[in-house]
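This is what each chain is made of:
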Amino acid sequence: MSAQSTVEKSSPSDVPPNTITASAIRTTERAYKARGVQLFWRAMWARAYPRLIGTRREISWMVSETLLPLLGTSAYVYVYKATGAPPEFTGFAVLGGVATAFWLNVLWSMASQLYWDKDGGNLEIYVISPAPMTSVLMGMAVGGIVMASVRGFSILIICSLLFQVSYSITSLPLLLLIFFFTMAALYGMGMMMASIYLAAGREAWHMSNLLQEPIYLASGMYFPVRALGALVATLASAIPLTLGLDAVRQIIFGNLTVGWLPPETELLLLIGLSVVFLYAAHWSLVKLEDIGRREGRLIERRK
Amino acid sequence: MAVQAAHAIQTTGVGRVYKIRGPKKKSDAKELIALKDVNLEVPYGELFGLLGPNGAGKTTLIKILCTLLLPTSGTALVDGVNVATHPQEARRRISMVSGGETSGFGLLTVEENLWMFARLYGMDNKVVRDRLNEMMEIVGIADRRRTKISDLSTGLRQKMNFVRGFLTDPTVVFLDEPTLGLDVTAAREVRSFVRQWMTDHPDRTVLLTTHYMAEADDLCDRLAIIDKGQLLTVDTPENLKKRLQQSAIFNLRVQPVGDKPRDGARIENVPGVQNAVFHDGTEFTEINLSLERDDALPGVLAHLSARGSSLIALEKREPSLEDVFISLVGRRLDQDTTELSKVELEA
Chain Y
10 MSAQSTVEKS SPSDVPPNTI TASAIRTTER AYKARGVQLF WRAMWARAYP RLIGTRREIS
70 WMVSETLLPL LGTSAYVYVY KATGAPPEFT GFAVLGGVAT AFWLNVLWSM ASQLYWDKDG
130 GNLEIYVISP APMTSVLMGM AVGGIVMASV RGFSILIICS LLFQVSYSIT SLPLLLLIFF
190 FTMAALYGMG MMMASIYLAA GREAWHMSNL LQEPIYLASG MYFPVRALGA LVATLASAIP
250 LTLGLDAVRQ IIFGNLTVGW LPPETELLLL IGLSVVFLYA AHWSLVKLED IGRREGRLIE
310 RRK
Chain A
185 MAVQAAHAIQ TTGVGRVYKI RGPKKKSDAK ELIALKDVNL EVPYGELFGL LGPNGAGKTT
245 LIKILCTLLL PTSGTALVDG VNVATHPQEA RRRISMVSGG ETSGFGLLTV EENLWMFARL
305 YGMDNKVVRD RLNEMMEIVG IADRRRTKIS DLSTGLRQKM NFVRGFLTDP TVVFLDEPTL
365 GLDVTAAREV RSFVRQWMTD HPDRTVLLTT HYMAEADDLC DRLAIIDKGQ LLTVDTPENL
425 KKRLQQSAIF NLRVQPVGDK PRDGARIENV PGVQNAVFHD GTEFTEINLS LERDDALPGV
485 LAHLSARGSS LIALEKREPS LEDVFISLVG RRLDQDTTEL SKVELEA
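For the protein sequence lines, the chains are Y and A, in the order given. Throughout the first sequence, residue numbering follows the working numbering, covering 10 to 312 in sequence. Throughout the second sequence, residue numbering follows the working numbering, covering 185 to 531 in sequence.
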């Protein structure tokens with residue numbers, strides 16, 4: 010129903026004297042708003058910011074998230090030492106501890122994050138903004154990688170000193186490439202899981218708990234994945250951590266006898282997984298928004 | 185996409201039906217009509233209000249216009265952009281602030297949170313900084329710029345939300361119950377901010393939903409009254425009240441009247457009574473009464489007396505928006521109609 014009626018502005022009769030004394034809001038030209046790649050870039054770093062700043066603002070998080078994997082790692086190290094395993098197994102466990110920091114970050118700060126954001130009311134602000142949702146999730150991932158790297162390297166340094174682990178890197182470029190694509194595939198998977206968590210409608214808390222321990226086992230976090238047998242190791246290779254960790258161990262300790270696949274092959278598989286997971290993440294986000302807008306659920310916070 | 189739209193907001197036959205999933209099978213699904221054939225035209229520069237009880241469809245309409253929800257029928261344009269087919273383009277032109285909003289990151293300060301949200305709109309750092317300085321000053325949170333938002337009170341947090349909503353230079357701002365949960369002073373400050381922003385930006389538009397009559401009356405250039413998903417009327421608050429100028433409006437306070445009588449013996453059947461809304465309290469019953477003429481009052485009192493009640497206090501007053509609402513809907517605005525508004529059909 011439309012009505013044609015005279016519009017009369019109400020007078021600002023109840024303006025408190027100390028609230029608005031003069032109009033300081035600019036009425037000049039409209040604010041420039043970036044589009045395309047520039048908008049993507051700005052939105053990505055904006056969303057990464059809370060994580061980057063959180064690393065140094067909430068020191069207690071870092072301490073607890075470094076200490077817990079440290080304890081788990083120590084347990085495995087002592088088992089290996091007690092059973093007289095070769096010394097490189099101590100290093101295997103230490104790298105597993107580092108990988109734990111990344112996996113916990115993917116579970117609790119990537120996969121669960123859209124759920125927390127929905128709960129806190131941020132998700133609908135992201136959706137209403139012109140920034141692509143992929144840029145928002147990419148920002149979470151970038152921030153998450155920095156956060157987890159700080160923790161991971163803290164674990165690496167502390168454990169290496171504590172258990173006197175020595176490393177001899179056979180190929181630094183290959184190591185860096187594998188690290189890069191492991192992160193790309195792992196966080197791509199986390200981005201995809203973020204949409205799945207929301208669509209599933211379960212409490213993020215339960216979903217993450219459900220996935221945490223099985224992945225520790227399947228990805229060979231504290232032991233060579235080859236020990237699980239070819240079939241399980243093949244299936245577990247869909248988890249980027251499995252391939253990444255196995256390749257990094259081989260490059261750092263040069264012990265190919267316990268490796269699953271050659272590091273070069275694992276790099277190629279990781280590149281493939283990166284493409285698949287990042288595409289799946291983008292697709293599932295588009296799908297999520299579509300379902301959310303059609304069905305009136307998923308996106309908005311329930312007041 | 186239009187080059188220059190005629191209206192800031194235009195909806196044509198907008199409807200929204202929710203599918204409510206059953207506990208077991210898909211065939212148990214029901215449909216809930218949240219909006220039905222909503223036609224609305226809001227020109228640029230107008231502060232337009234949507235007034236209705238909980239469950240009336242206000243938030244559903246706002247969510248459609250904000251691109252959070254698709255209409256199941258009809259077309260909705262914001263600044264000439266179809267929100268269903270070009271959501272990304274529409275999002276550059278809008279923003280939304282809701283009452284009771286808890287958005288943001290607790291470990292970030294006020295200015296960090298606002299910077300972050302502004303960057304989601306692709307704004308330049310310098311522009312963000314300048315606007316932040318101005319707007320935080322205006323809403324009175326400049327001294328809290330470096331406070332973590334987890335340490336803010338509800339009122340201060342809502343002021344921050346307002347800065348977020350207006351910082352990005354939107355053409356159309358949607359305010360969904362913006363003063364919900366605020367104390368009187370904070371609500372007044374928020375209202376004065378909105379009013380001042382409209383004065384300073386005469387080409388912008390605000391669509392406000394509220395169920396506070398005074399807020400709607402005070403702020404809005406025009407109002408739509410919405411109930412059960414349908415727009416009942418659209419006009420200025422003054423014109424709406426003028427419609428009842430011919431009626432005699434009374435507030436009666438009487439001793440509790442007890443159970444509702446049979447249809448034939450209802451107060452509405454007393455000659456001259458246009459409508460009556462009862463609000464039962466423990467000590468007394470309050471009746472909002474609209475009569476065709478003053479001389480219908482003795483008949484009403486006689487009717488009450490016959491039901492075992494007697495008059496405690498009586499007040500005759502000018503028509504308010506509340507009376508307009510009652511005359512259109514048949515009940516008070518604060519009577520929650522969430523359940524009433526559910527028109528359930530078999531899927």
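Calculated from the structure, these hints are not laboratory results. Even for Gly, the Cβ is constructed at its ideal location relative to N, Cα and C. Some clues are possibly wrong.
A few chain A residues facing chain Y, derived, Cβ under 10 Å [to be verified]:
(1) A274
(2) M280
(3) L304
Okay, the calculated bits of chain A under chain Y, using three or more residues with CB under 8 Å as the criterion [claimed, not checked]:
(4) 250-263
(5) 282-294
Right, here's what the structure says about each hint:
| no. | hint | result |
| --- | --- | --- |
| 1 | A274 | holds (9 Å) |
| 2 | M280 | holds (6 Å) |
| 3 | L304 | holds (4 Å) |
| 4 | 250-263 | holds (count 5) |
| 5 | 282-294 | holds (count 9) |
Hint check: no violations occur; every hint is consistent with the structure.
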